[in-house]
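Here are the chains, one letter per residue:
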Amino acid sequence: DVKVTQSSRYLVKRTGEKVFLECVQDMDHENMFWYRQDPGLGLRLIYFSYDVKMKEKGDIPEGYSVSREKKERFSLILESASTNQTSMYLCASSLYGVNTEAFFGQGTRLTVV
Amino acid sequence: GNSVTQMEGPVTLSEEAFLTINCTYTATGYPSLFWYVQYPGEGLQLLLKATKADDKGSNKGFEATYRKETTSFHLEKGSVQVSDSAVYFCALSEPGGSEKLVFGKGMKLTVNP
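Note that the protein sequences, when read in sequence, are chains A and B.
Counting in the working numbering, the first sequence runs from 1 upward without gaps.
Counting in the working numbering, the second sequence runs from 114 upward without gaps.
Please keep in mind that the hints were generated in silico from the structure rather than gathered at the bench.
Some hints could be false.
Calculated lysine to aspartate or glutamate pairs in the EDC-like style (CA-CA distance at most 20 Å, straight line) [what the hints assert, rightly or not]:
no. : chain 1 : residue 1 : chain 2 : residue 2
1   : A       : LYS3      : A       : GLU22
2   : A       : LYS3      : B       : GLU155
3   : A       : LYS55     : B       : GLU207
4   : B       : LYS169    : A       : GLU101
5   : B       : LYS165    : A       : GLU101
6   : B       : LYS218    : A       : ASP59
7   : B       : LYS221    : A       : ASP59
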């Protein structure tokens, strides 16, 4: 089974802290994604990566950065956390190619206080 | 840009009721279409997909047909169960290899015994 693992289920951080959300996949997928999920807004793409050291901005990249030093790991970084970044964060991965399924982690519920 | 519009709910049904969740899309080219489901406390998982016009995806009693003429991908199930209680997301993948997914806002379904 494909497994996408996010390092934390729940996190509480203070405003201004630098926050790292980690995601690891074990199926050698080229593509990896970070979404945030908010009530009434669905899932919105923050960043994605289709190869090591490659990254592209999604729809809402402001306030975030990412790192992909190894194929299996994709990190989301909140440089200076703010309360409006309180959300559910979902990581996903997929094979490069046409019509491929994305596999999701269980999500990290981040609260910024 | 590409977008997905779906019924948002929330919707409450009795067990064995008929379910339809409407989904329409706007896209350039020929996207693949997906329904994802999120059970309480879990990440998203693929429910079904269709990759070209007139394809029908099916799984666990759910069905959806890719209708290019109406740009729709409505989800149906003839008889829902309590275990179908979840949030349902319609999505399309943007052609081009990275398979970036664009999601609708999701619809929460509660099925009562």
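Tested hints:
1. Under the criterion of a C-alpha separation no larger than 20 Å, the hint pairing LYS3/A with GLU22/A is consistent with the structure, at around 14 Å.
2. For the given pair, LYS3/A sits about 13 Å from GLU155/B by alpha-carbon distance, which is consistent with the 20 Å threshold.
3. Note on LYS55/A and GLU207/B: the hinted pairing holds, with a Cα-Cα distance of about 17 Å set against a maximum of 20 Å.
4. For the suggested pair LYS169/B and GLU101/A, the alpha carbons sit about 16 Å apart, so the restraint of at most 20 Å is met.
5. With a CA separation close to 15 Å, the supplied pair LYS165/B and GLU101/A stays within the 20 Å bound.
6. The hinted pair formed by LYS218/B and ASP59/A meets the criterion: a straight-line CA distance of about 14 Å does not exceed 20 Å.
7. A hinted pair counts as satisfied when its Cα atoms are at most 20 Å apart, and LYS221/B with ASP59/A does not qualify at roughly 24 Å.
Violated hint for the displayed structure: number 7, the only one.
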